[in-house]
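Please arrange chain R on chain V, whose structure you already have, making use of the hints.
For the protein sequence lines, the chains are V and R, in the order given. Numbering-wise (the numbering used here), the first sequence opens with residue 16 and increments by one. Numbering-wise (the numbering used here), the second sequence opens with residue 60 and increments by one.
Quick caveat, the hints were computed from the structure, so don't treat them as lab data. Source: prediction; values computed, not measured. Take the hints with a grain of salt, since some may be wrong.
Stated by the list, open to error - From the structure, some residues in chain R lie toward chain V, with a derived Cβ separation under 7 Å: (1) 86; (2) 88; (3) 90; (4) 199; (5) 201; (6) 299; (7) 332; (8) 371; (9) 372.
Even for Gly, the Cβ is constructed at its ideal location relative to N, Cα and C.
Spelled out, the chains give:
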Amino acid sequence: MGATASAVIERQPAREGKPGIAYRYAGDRAVLVEYGEMEFDLTLNFFVLAVNDALGTWPLEGLVETAPGFRSILVSYDPLQLSVDELLDHLHAVHESLEAEREITLPSRLVRLPVAFDDSQTRQAVERYIHSIRKDAPNCEGGTNVDYIARYNGLADREELYEAVLGTEQWTAFIGFFPGLPFMFPLDPRDAVVVPKYNPTRTWTPEGALGLGGPCWAIYPVESAGGYQLIGRTLPIYDLAARNAAFRESPLLLRAGDRIRFHRVEEQELLELWDDVHADRYPYSVEEGTLDVGAYLEWLPQVADEAGKRRRLREQAATAAPVP
Amino acid sequence: MVAGNVEVLEGGIQTTVQDYPGRPGMRAQGFFPAGAMDHFAHRAANLVVGNQPSAATLEVTLGNVALRFETGATVAVCGAPVAVSVDGEALPLWEGRRLEAGSELRIGISEGPGFRMYVAVAGGIDVPSVLGSRSTYTMGALGGLDGRALRTGDRFPLGTESGDAASGGGWRFRESARPPYAREWEIEALRGPQASPDFLTEQDMATFFGRTWRVDRNSNRTGVRLEPQLFQWARSSGGIAGGHPSNILDNSYPVGAVNVNGDLPVILGPDGPTAGGFLCAATVVHAAFWKLGQLRPVGDTVRFREVTIEEAVELDRELDARLTGTSLEQV
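Chain V extracted, bound-state conformation:
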């Protein structure tokens, strides 16, 4: 291989209110399309989902599938039917066809889910970890991760942490890692919380656990290993057996672009709801809707001062907290 070998096929600068784009080889059957810079900016994800929707409506022979990430899309194709140059031409045309970020309106459902904080199942996951993996993990003191998350973010107590979870809609940026697992980020930056992941990872997590890793929330769709700090448990979000009507069309409850709003219940009630879900007595609350990106970007400055103040407190607390 000569000096020409590069993982980057092409770069396009930002223009007309759209982010810059880098096209990268991801083997001979996929191209990774990256948007903007490596910044924690939800606007990039809004643009990603708009591109992904457009790709879904522009058929192309040889294009196999597209999978969004936070600020990228993995485009899989069959190189025996479609050359990488033809694929890039198609992607250029789709990007051209889109409106600037501010003009985008995305389909976005509002999904309401109950959460029981610091429930016995997530505590059991922590206990198991202490007994079988690591005794002295600072994130597991007291047999729970909840106090560590609060402390790491400089919050006065657990209640302040719970308010942060309940106070905002969570944006489902994409689905991945496991079948049906949503990667979620708070739409209200005042409610952002951040925490380091487990080190080493956990071998067991209960189904429906709600966890935080870095700035990202996730719900565990199945019993599994995991590395996110656990705060509580919600309802099933994945069911191949389709015991509830919500899973009849797809085994996944959630999709990219969904907004999740959590409400608090006690554990006993959550357990009863689990039974109701499996007996098909519980109707999941899913409302069709949209996200107007322009309106959202106009609202952000109104909360920027408060969000900045909280972020500085958080960053200060983090420097004093032990890392797992």
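Same frame as chain V, but now just chain R:
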């Protein structure tokens, strides 16, 4: 539970039902494709018994499998060298044979080189298709037989034979068309998606493609673990994505990506995670992906050979050309 005409007398170390190309099209919902890890041996075995390449086979890891056929069936075993017998009589690999009703097929333990064998039966393994494929996907616990590996006492049904001449047995896959198996593997890969100069240094990439990597014992269908390497890195940290320079904002992973977890490279297998926050320095090309299924944990080594996209596509064409009737001969 699945009923059927084939009884599992011995399930072996990890034997799963796999087809090809598995379950593509569901990455955005968190499903990696699953499917045969060595797609060459899988497709060759199907060819030998007159099946379509997509037909489901049994993927046998290391061996120790015994099956009893209650009806007549044509079978072939392709892959790593191993002793195979039908009612005590030896059956060479890469060769289709008609079994009478009541026959027992036994597969011993492979001493290598190679790690996996594929058992094709004319008509294919006819377990129910789940989300578009019969492949067992261990991470999602679906497909195959109840989403798990075969166990003693399991039964499964067979599909309808194609009526193709090979489905009656008596054909073999030419020796000249079979791939070479080794202990020291050379695996073709494209650099990226996250390589030099933005994530790793040129020196790092030279090290990546230059050094020999040992295959770790904790390797399976989700990933082939290599050994730790202290890279120089082009960045001092992962920035907002995390402290370590191998961290990036979470993105979707390609199948066959060499995913660098901190200092540990892991080649993502067919059951791997679909997305995550570690960079992928290189990606194994489709034509070389079958080799991942034959890497033997403990003992085998890997060197990556950098190829261009044009070479990768040409390799793929050559591989497909070998998986046609011209590679068959009568026994």
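A quick look at each hint next to the structure:
A distance limit of 7 Å between C-beta atoms decides the matter here; for residue 86 (chain R) the minimum to chain V is near 4 Å, and the interface restraint holds. Of the supplied interface hints, the one on residue 88 (chain R) holds, with its beta-carbon coming within about 6 Å of a beta-carbon of chain V, less than 7 Å. Taken as an interface hint, residue 90 (chain R) checks out: its beta carbon lies about 5 Å from the nearest beta carbon of chain V, inside 7 Å. For residue 199 (chain R), the suggested interface contact is upheld, since its CB lies about 4 Å from the closest CB of chain V, less than 7 Å.
A least Cβ separation of about 6 Å between residue 201 (chain R) and chain V falls short of the 7 Å threshold, and the interface hint therefore holds. The closest approach between the C-beta of residue 299 (chain R) and any C-beta of chain V is roughly 5 Å, which is under the 7 Å cut-off, so the hint is satisfied. Here the hint on residue 332 (chain R) is kept, as its CB sits about 5 Å from the closest CB of chain V, short of 7 Å. A least Cβ separation of about 4 Å between residue 371 (chain R) and chain V falls short of the 7 Å threshold, and the interface hint therefore holds.
Annotation: residue 372 (chain R) was flagged as interfacial toward chain V, and the flag holds, the nearest CB pair being 5 Å apart, inside 7 Å.
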